[in-house]
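Based on these hints, arrange chains B and C on the given structure of chain A.
Chain order of the listed sequences is A, B and C.
Number 91 in full-length UniProt numbering belongs to position 91 of the first sequence; there are no gaps in the numbering.
Number 196 in full-length UniProt numbering belongs to position 196 of the second sequence; there are no gaps in the numbering.
Number 46 in full-length UniProt numbering belongs to position 46 of the third sequence; there are no gaps in the numbering.
Don't read these hints as lab results, they were simulated from the structure.
A portion of the hints provided could be inaccurate.
Unchecked claim - Mimicking DSS-like on lysine-lysine, the simulated pairs with C-alpha atoms at most 27 Å apart in a straight line are: (1) B:K162 with B:K112; (2) B:K38 with A:K26; (3) B:K38 with B:K112; (4) B:K112 with B:K221; (5) B:K162 with B:K221; (6) B:K38 with B:K221; (7) C:K169 with A:K26; (8) C:K172 with A:K26.
For clarity, every value in this text was computed on a predicted model and none was experimentally measured.
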Amino acid sequence: MSETPTPATGSPRGSWPLYEIFVRGKRGLNHVHVGSLRAADDRMALLNARDLYTRRNEGVSIWAVRSTDIAASAPDEKDPFFAPSGDKVYRHPTFYDIPEDVPHI
Amino acid sequence: MTETEAPGADALQEYFDATIARDQRVEPRDWMPEGYRKTLIRQIAQHAHSEIIGMQPEGDWITRAPSLRRKSILFAKVQDEAGHGLYLYSAAETLGADRDDLTERLITGRQKYSSIFNYPTPTFADVGVIGWFVDGAAICNQVPLCRSSYGPYARAMVRVCKEESFHQRQGYELLMTMMSGTEGQRAMVQDAVDRWWWPSLMMFGPPDDNSPNSERSMAWKIKRHSNDELRQRFVDMTVPQAEHLGVTLPDPELRWNEERGRYDFGTPDYAELMRVISGDGPCNAERVTRRRTAHEDGAWVREAAAAHAAKHTARHTGPDRTEAAA
Amino acid sequence: MSDEHLSASLAAGAEDGEGRWAFGTGFEDPLHGVDTTVPDGVDAGALAALCLALGDDALVGAQRLAQWTTDAPELEIELALANIGLDLLGQARLLYARTGQVDGTGRGEDDFAYWRDADAFRNVRLAELPRGDFAFSMARLLALSAWRLALFQRLAAAPDPVLAAIAAKGVKELAYHRQFAADWIVRLGDGTEESARRMQAGYDEAGPWLGELAADTSADALGGDAAGAAAELRQVWEETARAAGLTVGAYPAHPGAGRSGERTEHLAPLLEELQSVARAHPGAAW
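This is chain A alone, in the form it adopts within the complex (with noise of 0.2 Å):
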């Protein structure tokens, strides 16, 4: 178990919070998600994700986020929190057993 560390509860001193970075990539492109990073604050963010993700010249915009402050759909049935309709499996054509004389069905 040692090997898992503790996912942040309480944020140690010091801590900076996680920010999501989205790029534009150039004029026409939309943002895209390309990682994560360290920050105090927005302005910081934006900062460090300039130097982080686009020293070479990758983007034309970017967006910080604050990780938490994001809102994400449960990914469908394979999410725990989805798990109860994961054991519907009559909704599945597999669950019933059909004689295998039975053509076209």
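Relative to chain A, chains B and C alone:
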């Protein structure tokens, strides 16, 4: 399976297994076996730590690089390594790891980094040979990881690999230039090659018959090729480059095997690898101490920024998001 | 995608000219198409002296920033300081190249960086002071970048087209350096008790060296405006202090000037390190 069983466990495992079998990517919020998550966190963290510790052997040469062009290149390269560390910590954080916690594990010696960075860099030729061998070996290791089953790791590796190709080329180009220089420079290059060749082969890890975690990682498609296969690829790739450069690789057993269509080569000293991994390499203590000192010396800056941000948030009522939209 | 295809596409990506390299290729050459002959009416001696001095400021400043490598307070800061250092190195190289074109000696960038002793350097002395802590580094960066930005904004219209092009490119870089430093000074000044104390100390240490910057008139004959740059430096310095809750003392300026060849004891060891490998291997190719 019957519908009366507890929901989940089996079905989730099946779904996960099917995702892996179809060669699709596992994404952060997907269910995954705890062992898969732990293995990934350990591997990605070690990889991130390697990038960060790997800044030290070369970083010392930035202030002494013998031309302004080389100075710029090396400065940019070492900066890239910090960037690669951040891409990787970012991938680890999608698995629920926390960067502060991972850093703590590094500086207290509880998590490892690549053994190669525990060797010293006494001459400027080391900068070139690190680029050629170490970054070359890293590319062999990392290009397959661009297809790793875990999405954020694979995507981070795509970025890293793109940038590593610059690293390898700059190293080789430096060595070509030095080989065309003075006799002293050629001797420096050969000396560095002699020192780095075997440690570079060890970067691929223990031999397959003694690599307990490899099989599971390959089944999970976290890892795509065995240690020995990657080591062989590196040798096959490097030998012609050495010939072109005019240096001798320090292995009397190295020769072309017509039948296999590959090079035969000697066995690295795996006892040395184990010693270095377990903390007894030439520079282990120095590397970790330096990272710990930097982290501790910087605490007041990180705390100040956090304190300022807290006051700033308190002073402004309501969220201020306007600055974030560039 | 197979490994081989991926390798190939990565290799192609490195050469696609879309600016994936951190230096050299794929970036606009700021001197592309610029005529390098010295225009009539421009004093070549003064131009060479100015390019050399501005190049020295940049090289020495970059060397101090490089000393933060592996030692920055946070990895994100590591990236930023390296970017700033790389910008300055780039400026130094262009300015040295121009110096060698103009002074008639045909010297190249490395001749200026590696084969001159401390007494031949003409950087302002603030640039050569030891690295110090992060607070001092930010105070120094603010002063040097605010002043240099003010100068470069004016030099972008210099009668020498090469210097003008170098300055125009530098303006964008320096605006970022200034912002980075000012942001950090505000965070540190307003952060914790310790950071406020350190930031004030950093300001107080850098402060007495600002007079030397303000008094430098060497750019005036070439499109610069010493008085304007000095005023802008003072304004940025004071406004940032106000925002950070720092006090600006009435610093008596240290006498003398780096521009006329006076040095602190800190430049010689800096150069000794910078030049050590190059000088140990005369005739070598790098």
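Status of each hint after checking the structure:
Distance hint between K162 (chain B) and K112 (chain B) is fulfilled; the C-alpha atoms sit about 25 Å from each other, no more than 27 Å. Taking the CA atoms of K38 (chain B) and K26 (chain A), the gap is near 37 Å; set against the 27 Å cutoff, the hint is violated. Under the criterion of a C-alpha separation no larger than 27 Å, the hint pairing K38 (chain B) with K112 (chain B) is consistent with the structure, at around 15 Å. At most 27 Å may separate the alpha-carbon atoms for a hinted pair to count; K112 (chain B) and K221 (chain B) meet this at roughly 22 Å.
Between K162 (chain B) and K221 (chain B) the alpha-carbon distance is near 21 Å, which keeps this suggested pair within the 27 Å criterion. As the CA atoms of K38 (chain B) and K221 (chain B) are separated by approximately 14 Å, the hinted pair is consistent with the 27 Å bound. Using a Cα cut-off of 27 Å, the hinted pair K169 (chain C) and K26 (chain A) holds, with the two alpha carbons roughly 21 Å apart. A C-alpha spacing of about 19 Å is found between K172 (chain C) and K26 (chain A), which places the hinted pair at or below 27 Å, so the restraint holds.
Comparing the model with each earlier hint shows a violation of hint 2 alone; every other hint is respected.
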